[in-house]
Every structure is written in C-alpha cells, then in structure tokens.
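Undergrad: Chain by chain, the residues run as shown.
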Amino acid sequence: MILVFGGAYQGKTEYACERYAGMEIITEFHLKVLEMVKNGIDAVENIKISLPEYADKVIICDDISCGVVPVDAAARKWREELGRVLAILSKESDEVVRMFCGIPTRLK
Amino acid sequence: MRIFVSGGCKNGKSFYAQHLAKAQNMGFLYYVATMKPVDSEDDERIVRHRAERENWGFLTIEQPVCIEEILNKSDSRGSFLLDSVTALLANEMFLPDGSVNENAADKIINGFSQLLKNIEDIVIVSDYIYSDAVIYDPLTEKYRESLAGIDKYLAKLCDVVIEVAFTNVIIHKGGGKFNELYKTLS
Chain A
236 MILVFGGAYQ GKTEYACERY AGMEIITEFH LKVLEMVKNG IDAVENIKIS LPEYADKVII
296 CDDISCGVVP VDAAARKWRE ELGRVLAILS KESDEVVRMF CGIPTRLK
Chain B
5 MRIFVSGGCK NGKSFYAQHL AKAQNMGFLY YVATMKPVDS EDDERIVRHR AERENWGFLT
65 IEQPVCIEEI LNKSDSRGSF LLDSVTALLA NEMFLPDGSV NENAADKIIN GFSQLLKNIE
125 DIVIVSDYIY SDAVIYDPLT EKYRESLAGI DKYLAKLCDV VIEVAFTNVI IHKGGGKFNE
185 LYKTLS
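Chains as they are written, first to last, in this note's numbering: chain A, 236 to 343; chain B, 5 to 190.
Just so you know, these hints were derived from the structure itself, not from any lab.
Only a predicted model underlies this, so the values are computations on that prediction, with no experimental measurement involved.
All C-beta atoms in this analysis are idealised placements derived from N, C-alpha and C, irrespective of residue type, glycine included.
Don't take each hint at face value.
Covered by chain A, according to a simulated footprint, are these stretches of chain B (three or more residues, beta-carbon under 8 Å) [what the hints assert, rightly or not]:
#: 1; stretch: 8 to 20
#: 2; stretch: 44 to 58
With a straight-line Cα cutoff of 20 Å, these simulated SDA-like cross-link-like pairs (lysine to any residue) come out [unchecked claim]:
#: 3; chain 1: B; residue 1: Lys177; chain 2: A; residue 2: Arg333
#: 4; chain 1: A; residue 1: Lys312; chain 2: B; residue 2: Cys13
#: 5; chain 1: B; residue 1: Lys177; chain 2: A; residue 2: Pro339
#: 6; chain 1: B; residue 1: Lys160; chain 2: A; residue 2: Pro339
#: 7; chain 1: B; residue 1: Lys177; chain 2: A; residue 2: Leu266
#: 8; chain 1: B; residue 1: Lys160; chain 2: A; residue 2: Ala243
#: 9; chain 1: A; residue 1: Lys273; chain 2: B; residue 2: Lys177
#: 10; chain 1: B; residue 1: Lys156; chain 2: B; residue 2: Cys13
#: 11; chain 1: B; residue 1: Lys146; chain 2: A; residue 2: Leu266
#: 12; chain 1: B; residue 1: Lys156; chain 2: A; residue 2: Leu266
#: 13; chain 1: A; residue 1: Lys312; chain 2: B; residue 2: Ile139
#: 14; chain 1: B; residue 1: Lys160; chain 2: A; residue 2: Ala290
#: 15; chain 1: B; residue 1: Lys146; chain 2: A; residue 2: Ala243
#: 16; chain 1: B; residue 1: Lys146; chain 2: A; residue 2: Glu263
#: 17; chain 1: A; residue 1: Lys273; chain 2: B; residue 2: Asp141
#: 18; chain 1: A; residue 1: Lys267; chain 2: B; residue 2: Tyr140
#: 19; chain 1: B; residue 1: Lys160; chain 2: A; residue 2: Glu253
#: 20; chain 1: A; residue 1: Lys343; chain 2: B; residue 2: Lys146
#: 21; chain 1: B; residue 1: Lys177; chain 2: A; residue 2: Glu263
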C-alpha cells in the first residue's frame, strides 16, 4: 500500500499517476471517510477491516488537519476520524509521500 | 536566486522572507506590496509594516494587480520581496465592480513568467491554505485551486522552495543553494 497525502490541489493525483503507473489509485479518500462519518459508520473500524483490500493500491487523501476547529460537529468528527485513519494507513503503508506545491517528500 | 516561501499563517514567513531578501544582494532592496487596503485596520497595518521595513532599507512598490509592471518601476538587478501571492490573486480575481475573473491565475502566471525572466533575485511569499476541514462554496474552491496552480508554477520555476512551519524551515527544493545563502545570514 502507498499513501499520498497533502493539502488540496497540491498535485497528488498527478504525481501518483506518473510515479505509480499501472497501480490502482483510490482518489479523494477524505471524502470516503466523510461519507462514513455522515452515515454513522465507524471509519477507524471500517478501515482496519478493509486493510487487505488496500494492500496493492495507492491511496490519495487530502490533509484536512491544519485549519481552525470547525464549528460544525460533523466536520469536527470528520477531521478527527480522518486523522486517526491516516495514522493507521501511514503505519500500514510501504511508502508514504507528502505533496507540497507539486513537490513530493517521501516520509516513509 | 529565486525563492518561493509558503506555509500556514502567522508562523514567521514574512519575517523570514525579509531576511532572505536582504541577504540576496547588495543592490536596491524592493518590497512589492500586493495588499489593497479595504478598511482602517488595513491602513494601520500598512503603516506599521512600512515603518518596520524602512529600518531594513526596503523601497516599497505598491502593485496590487498586473504584477509584471514592477519591471517599469525598479532596477531589475535589485533584490525583491513579493508579499503575497494570496493578496495578488484576490485583487485579480475579485474585481471592484463585483465581478469575478475566473482566469486570474493564468493572468498572474503570465505576469510572473515575464518577471522571472528579468529578475534574478526575488523572494515570493504565498500562503498554504489547503489543509482545513471545510467543504467550501464553488467560488472559494476556485480561489484555492487558482492559488495552488500559481504556487505549483512558482515552485517549479524557483531555485529554492521553502515551507515555514512555526518558525521551523523545511527545504523542499534547492537545499545546496539555500545553505550558501543561509551562511551569509548567520
């Protein structure tokens, strides 16, 4: 599993398509987690169970952890759940890349 | 050299950028101010920032739009500090008559391409506004996407790309060149 994260519009997908050509890429993982939160699904448990499914895939996810604490309760929950999910994915990934203004940094 | 600086707000980017601009060369030192004041609070901020910079020897060029025009107002051999891309985009995108220029990013990228062809020493400051937990309205998203497009263009063109995180510095590009310059700072 490969995790590519970073702020919105930082060139994550473009980079992944080039660097990991041929691998299946899951984009906008942060929205997947948002859907789970909205539907009352425990995102952390769900991701843990789904790990084998992601083993050979590239996961692309926006980092939404650096703004003001949202007023909206669902958004707060989303932000925290995604943080926990990304920690799990980072731990399980063979490679972790953070994108900044189109420049990749390999964290793992 | 051409240096791009970004990061979150209020973490020391501008101050750091001023040091770098001053260290770059011995010629004229220009501060390119892009913010257009909208209220008395902005006016006060501008007066304060200007007083701070004067002690550094900066000459201020007010350039809220059409960034390439600073070439007509300066000696291109000088050292420039441009703060910030964020304000420049807001001015180019949200026009005084209330309309929106959806192609503002292209206009700015074109301006920077002229600028960077003619200027050797420049520090350009932007803001990293891409990591908060908000689904914005389409207009705000367009603004964020446009700023990211300009940031990526500048990061590609610049010799050095720096992220400032609470006064800590991450060098994403051009570490060798940066270290040479940094030696003259400390």
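Undergrad: Please name the hints from earlier in the document that this structure breaks, with their numbers sorted from lowest to highest.
TA: 2, 4, 7, 9, 12, 14, 20, 21
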